[in-house]
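Peer 1: Given only the sequences and the hints, what does the whole structure look like? Please build it.
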Amino acid sequence: MFVGYKKTVSGSTIIEVVTAFSLIALGVALTLVVFSKTMESSNLYVKHQAVNAVNEMIAEQSKAINYRTEEVDSADIRIFSTVATLPGHDSLQTVTYSATLQSSGKQLYARRLIKKIHAN
Amino acid sequence: MNPLEYKLSGGALFYAIIVILLLSLFSSGFILLNRLWFVENALFLKNTELNDNLDSVDQWLRAEPGIVQAGQAKELDLFGDSSMVRIEAQSWGLLRLIKSSARWRSLTIKRNTLYSGVNNKGCALYLSDNNKFLSLVGKCQIKGDCSLPTLGIRAGEMDGVSFIGIKMIDGLISKSSNTLPKLSPELLQSWYGYRDASFGSTDSIVSINSLTQNPDCTVSFNSNTLVIDCESDGYLQNVNLSGNIIVASTGKITISSSAQLQDILVFAKTIQVANDVHGSFQLFARDQLIVGDNCRLRYPSFAVCLADQTSPKITIGKNSVISGGVLIDSVNENPIPGRLEMTEGNKLTGMVYVNGEVGFAGQIDGGLYCNRFFISTPRGYYENFLKDAVINSESVLARFGSFSIDNAPDQLKLVKLCL
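First to last, the sequence lines map onto chains A and B.
FYI, the working numbering numbers position 61 of the first sequence as 61, with every residue one higher than the one before it.
FYI, the working numbering numbers position 159 of the second sequence as 159, with every residue one higher than the one before it.
Fair warning: there could be bad hints in the mix.
Taking CB as the label site, the calculated pair distances span [unchecked claim]: (1) B:Q69 <-> A:T82: 32 to 38 Å; (2) A:I15 <-> B:I31: 29 to 35 Å; (3) B:S207 <-> A:N66: 54 to 60 Å; (4) B:L414 <-> A:E60: 19 to 25 Å; (5) A:E60 <-> B:L33: 33 to 39 Å; (6) B:R105 <-> A:G88: 28 to 34 Å; (7) B:S106 <-> A:V28: 38 to 44 Å; (8) B:S106 <-> A:G88: 30 to 36 Å; (9) A:G105 <-> B:Q72: 41 to 47 Å; (10) A:H89 <-> B:N178: 37 to 43 Å; (11) B:T48 <-> A:V17: 52 to 58 Å; (12) B:L25 <-> A:T82: 54 to 60 Å.
Taking lysine to aspartate or glutamate and the EDC-like style, the derived pairs with C-alpha atoms no more than 20 Å apart in a straight line are [stated by the list, open to error]: (13) A:K106 <-> A:E70; (14) A:K116 <-> B:D55; (15) A:K115 <-> B:E49.
If you are wondering where the hints come from, they were derived from the structure by calculation, not from laboratory data.
Predicted model only: the values in this text are computed from it and were never measured.
Each residue gets a CB set at the ideal place from its N, CA and C atoms; glycine is no exception.
Peer 2: Put into structure tokens, the structure is as follows:
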């Protein structure tokens, strides 16, 4: 008679192990989901790239005092500027700068400025 | 007792709960990190947006100074989508002080900016018509459009010297009237009280004696104006004053070369600037203003003499520079002619408005408005003569803003951001 075997593999112990394993698996899965979502939503590297690219475009146009519609592709990011006269003000223009992720179309960064129209 | 019985009884769940607790700690950390990144990102974006809005208002004001007049406050919706910016305009001497602020939740960004005025149709020389020729002698150079008497301009001769320049005037010439364009009464009206020691209701008034205890004083334009009352006569030495400060006296104020003055206004009956004074400030004298030798009053500095009973007079010593503007006028209904006496090596920048006569020497980068010129030599007194004069309204320095005679500038120029 194997009395010891009967005690060590009791039904309740098996259920405990299975439940514990399930819980740990669920916990790990949830942690991984939260981790990936956190990393995905921050996407810091791409955002920094977009911010730098937009700021560079603004600096270039400001230095040349030439605000114009322009489109530049940099890796997966598309940076573009649009110019429109401020309604009711002939001497002012609204310049909009935007950076979007080409693959998803998601806007990463945008700036809007009012600039004086300089006579050529 | 069998040892295996202890190892397996109910332990798995206990370990699982510990592991899950650890995992939940990790998860909470990531959620917190996500939140922090979100807040940081939102703050960064909003901070940029608010600064961009303030920059936009700056551009708007420069192009259209009329959107807010001195003494007014306004809320501007920049893009029609509730991008609100509040602007408040005041005059600070002959400059315009704009206080702008933009807000998002608890984040508020404020700016205090000084602007000067620019008129598109400013001329290099406006000489009122007093039925006399304008005579040029020596190496005169006048660049820019001019309004001159009907008799016009000619090459003169003085003490054996004649005109040796290439071109008398490099610009268009039009006829002037027999008086100067009127100075706008609003230009300086709000400052008249300080000449009589009747200060503003929100001013913080202290005696000049307080400067002995606290000689370094900087006041933000967000605070009340600090008025240093000198009562009768005052002597500014070994002090460092900057910002929203007015020094006022009903008598005479002397500024020593040891005084470091920045952006402040000085009001007195007579103002004397000693030799070798350097700084950037505005002087408002009632009777007389004397600037010593080798003074460098950096941009934006203004020398103003507005008299009501006597003849206003400004004298500028040898090799002294005033960058900003000079204004001499009378607030009397029957104006008493004023006088500007320049000496060798003087350099003035900006608008020079003299309702009276000018003893010209040196150089002006900007525009000169006056009734007549005089030169006094041992051999004679010459009226409406200019000798070796340089007036250039098209130089880089001339494009710095100054004040607008009609107080309605076509454009504003950013002078500086202040505290």
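Peer 1: Could you run down the list of hints and mark each one as holding or not?
Peer 2: Structure-based check of all given hints:
Look at Q69 of chain B against T82 of chain A: about 33 Å separates their beta carbons, and that is inside 32 to 38 Å. At roughly 32 Å, the beta-carbon separation of I15 of chain A and I31 of chain B lies within the given 29 to 35 Å, and the hint holds. Here the CB-CB span from S207 of chain B to N66 of chain A is close to 55 Å, well matched to the stated 54 to 60 Å. Between L414 of chain B and E60 of chain A the C-beta distance comes to about 21 Å, which sits within the given range of 19 to 25 Å.
As the Cβ distance of E60 of chain A to L33 of chain B is approximately 35 Å, the hint placing it in 33 to 39 Å holds. The hinted window of 28 to 34 Å between R105 of chain B and G88 of chain A holds, with their beta carbons roughly 30 Å apart. Roughly 39 Å separates the CB atoms of S106 of chain B and V28 of chain A, a value that falls within the hinted 38 to 44 Å. A hinted range of 30 to 36 Å holds for the C-beta pair S106 of chain B and G88 of chain A, which are about 33 Å apart.
About 44 Å separates the C-beta atoms of G105 of chain A and Q72 of chain B, a value consistent with the hinted range of 41 to 47 Å. Hint check: H89 of chain A to N178 of chain B, Cβ distance near 39 Å, so the stated range 37 to 43 Å holds. Judged by the Cβ atoms, the range 52 to 58 Å given for T48 of chain B and V17 of chain A holds: they are separated by roughly 55 Å. For L25 of chain B and T82 of chain A, the hinted distance range of 54 to 60 Å is not satisfied, since their beta carbons lie about 47 Å from each other.
Among the hinted pairs, K106 of chain A with E70 of chain A is consistent with the structure: their alpha-carbon atoms are about 19 Å apart, no more than 20 Å. Taking the CA atoms of K116 of chain A and D55 of chain B, the gap is near 11 Å; set against the 20 Å cutoff, the hint holds. With a C-alpha separation of about 15 Å, the suggested pairing of K115 of chain A with E49 of chain B holds against the 20 Å cut-off.
This entry does not satisfy hint 12, going by the numbered hints stated previously; all others are met.
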